[in-house]
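Novice: Dock the two chains into a complex; use the hints.
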Amino acid sequence: MSGLEFMGYRRKDGSVGVRNHLLVVSAVSCANHVARRIAEQVKNAVSITHPYGCGHIGEDFLRVWGTLSGLGANPNVAGVLVVGLGCENVTASLIAGEIAKTGKPVEWINIQDEGGSLKAVQRGCELLVEMAGDALDVEREPCGLNELVLGTECGGSDATSGLASNPAVGVVADIVVDAGGTVILPESSEWIGAEHILASRAVNSEVAKKCYDAVEYYVKRAMELGIDFRGAQPTPGNIAGGITTIEEKSLGTICKAGSRPVQDVLGYGEKPKGKGLYLMNEPGLDIESITGLAAAGCQVIIFTTGRGTPAGSPVSPVVKVTANKETFNKMRCDIDVDVSSIIEGEETIEDAGRRILNEVLMVASGKPTKSELIGNMEVAILRAAKYMF
Amino acid sequence: MVKFVVMSEKDNVATAVSEIRSGTKVNVRIGGRELEVEIKNDIPFGHKFALRDIDVGGNVVKYGEVIGVATKPIKAGEHVHVHNVVSSFVWKAMKEAGER
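Chains A and B are the protein sequences, given in the same order. Under the working numbering, the letters of the first sequence match residues 1 to 389, in that order. Under the working numbering, the letters of the second sequence match residues 390 to 489, in that order.
Accuracy of the hints is not assured; some may be wrong.
As the list claims (entries may be wrong) - Below, in silico cross-link-like pairs of lysine-lysine (DSS-like), each with a Cα-Cα straight-line distance of 25 Å or less:
id, chain 1, residue 1, chain 2, residue 2
1, A, LYS273, A, LYS209
2, A, LYS119, A, LYS43
3, A, LYS325, B, LYS481
4, B, LYS392, A, LYS330
5, A, LYS209, A, LYS271
6, B, LYS392, A, LYS210
What the hints assert, rightly or not - Quick list of the computed label-pair ranges, beta carbon to beta carbon:
id, chain 1, residue 1, chain 2, residue 2, range
7, B, THR413, A, GLU139, 55 to 61 Å
8, B, GLY420, A, ASN146, 26 to 32 Å
9, B, VAL417, A, GLU139, 46 to 52 Å
To be verified - Chain A regions said to be covered by chain B (calculated; three or more residues, Cβ under 8 Å):
id, region
10, 161 to 167
11, 333 to 347
Because the hints were derived from the structure by calculation, they are not lab data. Please read these numbers as outputs of a predicted model, since none were measured by experiment. Glycine included, each C-beta is placed from N, C-alpha and C at the ideal position.
Isolated chain B, as found in the complex (with noise of 0.2 Å):
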């Protein structure tokens, strides 16, 4: 059986709490809406998947806020991790770095 969590309906990550192999289909009901997601990559306990697209620069939100910013295009049922996802306190350090 496939086991996730959405913590709350303005998230856009999902937690896997079994592992979820990619290809699988999963439905999400989130808000009162069904939504259908094809995991993209293997996903550990514990991890976190997309719900919807997330732009680079767009925010990741789970329990209802911010937890981190997309450094790479992040596509619905992609891994959601360390690879494409930094604190926000990091990525105001990279914007304020780069704009030097």
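The shape of chain A in the complex, shown without the other chains (with noise of 0.2 Å):
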């Protein structure tokens, strides 16, 4: 195995997982408690909880399927079952047939069928088991770069973020990118003042219209509700800190994707068409994002913070990195890399950079993240109809 390659699971539909998840889906909220008894009692299962999936309609519903079915068809994922209740409107057999189209084994259940919670736990035990022997017998074997789709998040931010642990990774990312990897930037919210440097990146105008467009949709809903967050950037604390202009100040957020062509601006959870840097239109709140990323497709997710944070995923990895020395002390529990030397001037970002790529590579290889020893595997979907109910 070469410097730049990993070790991970081949899929029927060509794409390379780092996990091999027996996933189990919760269709809606009733179903929670079944799908998480399910997945304690059979190897190498996780389930997935959230509040939703009963009462949306419109783009609302489109978005809580979709969620629900990326989720599932992101290639750490080997096999699926679907648990619903049997009345909500996101049913567990939609989600199941959207899923099956990637051609791993999938299947669904509802309480209401079933007879009852309990029989609902055995049955889906059952099925589950059964889905378990040919689902986990694949080995890994080696795969390029150019078989990754990296997310990239910061959330719990200060002055080390957009100093040190950004520009690192944005090191990673670009590395990735040229080896014809993929690449995925989520918050758009926090691109405001950079969007003319992501535009001028983009492959073509229609492209460059929707990085445009994606910071005018939040400065116009921050202006709804009597906000200039152009004029009121950068903040006086920002300029005491150091950061001269609102340019800067994005830049320090968005130098985490690199800095190579924007391929397209991806909707929430949507899975990109084809490789290189692409940009997602959400924004930003941290585990919506790492939901968002993992749905669209995404094998790991590097998460930058500088104040700490636990955030993990049920699907993808999650590899904490930090510039701030105490925080990583205080919290090295949830932390994976120590980047604070950038800080120390002991380490340049490009060789931290390395290092964080290195650690990225043994995480898709199987090496668990701190958030994966912890079990912190946290679900939330960004809402479409956010004041409908």
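Specialist: Pasting the structure below:
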């Protein structure tokens, strides 16, 4: 295995997974308990539970259906059981039908049809064990960076984020894209002031317009609430800290996706159609973001933080990176990579980036992340109709 | 120890990650070349200094991208901040107002 390869699981549809999960997807909050109980009893099973599934209409319905289906379709998942109640509108059969298009084994049950929670748990376990025999009988094999879809995210940021951890992750992003792989940058609400820079990297004028439109949406929404995003940036605190312009502030977050051409602007949880750098139009709330990235097919997510976060996903390992030494020491159980050496003047951004890439490759080859060791597996879905219900 | 970071080899500013005193001479390796810069103001943590002279109207480049425009001539080693740089949006608006 050369330096820039990882050991992954090759799937029937040609994609590559870095985990071999059996995923128990709850279709609706009413089925969460049963989904959790089933996952607790079968090897390699993880559950996806959430407060959604009922009462969705229009775009919001498509958003919840698409996200839950996307999580099941992620190449880190070997097989899926969807558990519904039976009267929800994002049904177990709809989700299972979408995931089945990948060719992986998928089953679904409804608690009402099975005769109650306990019988549903038993039936679910039987189906999952049946599926597990074949689904788990796969070996890891060498895979190239061109088969990696890497998500980037930041949260709990501080001054070290824009100075060190984000630019170091940018080094990783450029290496992955140059090797023919894919990188996704979410958090469009944080592109404000630097949208012209992203647009100038767009592969065509249509994609450039999408960069401007994504930012304009948040600026307008804020204006409706009486807040002038552009006028209030950078804040007096930012200026005291050394940030001179809004472009500089936004680049401090955008730089974690590197500097390569922008292929397209995806919707929340949307799978990229090709390789290279993609943007995802969504507001950048940590757990919603990593769920959206996992639903879009990211096998690994790099998460930079200054103040520290325990964030993790049930589907895609989240590699957490900080350049704040104090945070790393205080939250060692949550943070995977310490790049405070950049701030200490002991390591270049380039070298720290290569160290992060090495950790990503080890995680992609099976090394558990801190959030996996601890069992932090949260899911939150960006709602499309926040004020409907 | 004098500590600073240069984000991209295209940059014409560096960012201090420790306070750097006026008069300090720093060696910057950028794009495979060594550059000696004498710091001309005290630079606090997180603040920027120029790696090269920047003319009025010249681009200030960090992260390999234009983060603003110089409103005063900036010499290598000088503090680069809100007193001598504005956002490209502000610069454009200033130019338009001046032309009217």
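Novice: For each hint, tell me whether it holds in the structure or not.
Specialist: Here's how the hints hold up against the structure:
For the proposed pair A:LYS273 and A:LYS209, the alpha carbon gap of about 18 Å is at most 25 Å, so the pair holds. A hinted pair counts as satisfied when its Cα atoms are at most 25 Å apart, and A:LYS119 with A:LYS43 qualifies at roughly 20 Å. Restraint check: the Cα-Cα separation between A:LYS325 and B:LYS481 comes to about 40 Å, which exceeds 25 Å; the hinted pair is violated. Proximity of B:LYS392 to A:LYS330 is assessed by CA-CA distance (about 24 Å); at most 25 Å being required, the pair is judged to hold.
Note on A:LYS209 and A:LYS271: the hinted pairing holds, with a Cα-Cα distance of about 20 Å set against a maximum of 25 Å. Restraint check for B:LYS392 and A:LYS210: the C-alpha separation of about 39 Å exceeds 25 Å, so the hint is violated. Against the hinted window of 55 to 61 Å, the Cβ-Cβ separation of B:THR413 and A:GLU139 comes to about 57 Å, which satisfies the hint. B:GLY420 and A:ASN146 have their C-beta atoms about 28 Å apart, which keeps the hinted 26 to 32 Å range intact.
For the hinted restraint 46 to 52 Å between B:VAL417 and A:GLU139, the CB-CB distance of approximately 49 Å keeps it satisfied. Coverage of the region 161 to 167 of chain A by chain B holds. Counting CB-CB distances below 8 Å, 3 residues qualify, and the rule asks for three or more. Beta-carbon proximity to chain B at under 8 Å applies to 4 residues in the region 333 to 347 of chain A; the threshold of 3 is reached and the given coverage holds.
Hint compliance for this structure: hints 3 and 6 are broken, all remaining hints hold.
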